[in-house]
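**Student:** These are the residues of each chain, in order.
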Amino acid sequence: MKRRLFISRLLGIVLGLLGPLSGRLRGSPAGNAATPKRFGMGIQIDKCIGCGRCVDACKEENAVPQEPFYFRTWIERYSVKADGDTIVQNIDERITPPREVEVDRDVLRSFFVPKLCNQCENPPCVQVCPVGATFATPEGIVLVDDKRCIGCRYCIQACPYGARYLHPVKKTADKCTFCYHRVTKGMLPACVEVCPTQARVFGDLSSTASPLTRFRRMNKTAVLKPHLNTEPRVYYSDLDGEVR
Amino acid sequence: MANGLRGLPDSFLRVLVVFLVLIVAVIVIGGALPTEFKDHSRHVQATIAREAALPIRFAGSTECGTCHDEARLKQIGYHRNLSCETCHGAAKAHTENPVEVKPAAPRKRESCATCHHFDPSRPTGFAQINPVMHFPRQACISCHDPHQAQPPSVPEECSACHAEIARTKAVSPHALLECTECHTVPAEHKVAPRITRASIPTERGFCGKCHDKDTATLQPPKIDINTHGEKYLCWQCHYPHMPEVR
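Protein sequences appear in the order of chains P and C. Yeah, the first sequence ends on 244 if you go by this note's numbering, and it's all consecutive. Yeah, the second sequence ends on 246 if you go by this note's numbering, and it's all consecutive.
Bear in mind the hints are in silico, worked out from the structure with no lab data behind them. Incorrect hints may have been included.
[Unchecked claim] The list that follows gives simulated cross-link-like pairs (lysine-lysine, PhoX-like), each with its CA atoms no further than 25 Å apart:
# : chain 1 : residue 1 : chain 2 : residue 2
1 : C       : 92        : C       : 108
2 : P       : 185       : C       : 92
3 : P       : 47        : P       : 59
4 : C       : 108       : P       : 59
5 : P       : 171       : P       : 147
6 : C       : 190       : P       : 59
7 : P       : 37        : P       : 81
8 : P       : 47        : C       : 190
9 : P       : 81        : C       : 108
Based on the provided sequences and hints, a complete structural model is requested.
**Tutor:** Here's what the structure looks like:
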């Protein structure tokens, strides 16, 4: 009688343990079946006219403060001089007055480079966050939990691309989200939507038919600061060696 | 046990109590608390849900054509690839309430100049004007229809887009030569400038028509076209648009 009781209890324990375990086993393949999209952006520098409409659209769509120095995306003017100097300027009219139409003869070449969060595969900002407030979504987009963020600015220091800023009202770190609320509904990020010359291309890296995959097939692309092994998902074509 | 503890100093007992409380707290938090209290993924899910629910302000380019014929008309001009919202601004509110909320209709020169004022950093081939010189104080839309932006007509045919080249060429020895003297420009170049390109001289003899020592013209510098510069084309060393042509 004792043995029978023991065996029935043992059976009960084993079944009880197997129950949740089998549920987990059944759950896992279903999670993998729908491969999440991997979003990325392509930027064709030769097409950027530096009009700044992407910056304005970003500020409007994402309620970024209008004051200068708060940017989720911004445009830099690179002026490479004959003596080897390179001048980099944020061309936003809130910071820099519009340039005169005169051609500076000292400048060898000059061009615009749109910048934004590179949505790195190995994001340094996520590593350094002391409270785990920033993380990458399954789509590879790095987000900030503004209810967890303590505003310590460590991530702002850690980002090699200067893509983060401290929101002056919320006092938390803020950054480009690839317009997460738009792209998850199948829309384009606001900056890509308004770019008049299609200098920005957005798409799913894991799809062979996406505009971004086509962009990467047709152009020789490079990423910013590849030596840092952050593996950015913003791909530049016609990237000048002077761009940092 | 109790007797043994009683023998210890009072301060030690107090520390012991604190340690016991700490140990119990660690065990309770580590083992007894339900996992979802400590699970980071809940915060992640909450943030993702919050981000995904943010309001949309730009409706997207496909939205406009459902009501507006202009969106289809626009397809023949230079602005065919522009989103309506590039000029008219965020219009999600307009799609939700078309009668009361109207998107902006920019009519000032400044709004066109945002893209089209001359800037040397802009890629050559992009249509640019100097707002001070180019028909000052007149609204752009009195001559140009932004929904059917067309290639510019003579005499500003080339300089409209190639402003920087036109400026340097105007003070160069080649100032009096028409662009078409050296470049053959297919009609499609004006419609799809990046796909169909203008030609550049492909043989040395072309420059030699004026610059060879055997030619009759007096003015231009002369060289022996057969020996000077060896295997290179002239413009691979000399930039004909520059004042110095070096």
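**Student:** Check the hint pairing residue 47/P with residue 190/C against an upper bound of 25 Å on the C-alpha distance.
**Tutor:** 17 Å, holds
**Student:** Is the hinted pair residue 171/P and residue 147/P satisfied, with a Cα-Cα distance of at most 25 Å?
**Tutor:** 11 Å, holds
**Student:** Are residue 190/C and residue 59/P close enough, with their CA atoms no more than 25 Å apart?
**Tutor:** 34 Å, violated
**Student:** Given the proposed pairing of residue 47/P with residue 59/P, does the C-alpha separation stay at or below 25 Å?
**Tutor:** At roughly 22 Å apart (the allowed maximum being 25 Å), residue 59/P and residue 47/P satisfy the hint.
**Student:** Check the hint pairing residue 37/P with residue 81/P against an upper bound of 25 Å on the C-alpha distance.
**Tutor:** With Cα atoms ~42 Å apart, residue 37/P and residue 81/P exceed 25 Å; violated.
**Student:** Check whether the Cα positions of residue 108/C and residue 59/P lie no farther apart than 25 Å.
**Tutor:** 22 Å, holds
**Student:** Straight-line Cα separation of residue 185/P and residue 92/C no greater than 25 Å?
**Tutor:** With Cα atoms ~14 Å apart, residue 185/P and residue 92/C stay inside 25 Å; holds.
**Student:** Is it true that the CA of residue 81/P sits at most 25 Å from the CA of residue 108/C?
**Tutor:** 35 Å, violated
**Student:** Given the hint that residue 92/C pairs with residue 108/C, test it: the Cα-Cα distance must not exceed 25 Å.
**Tutor:** OK: residue 92/C and residue 108/C at ~23 Å, within 25 Å.
Against the hints set out earlier in the document, violations occur for numbers 6, 7, 9.
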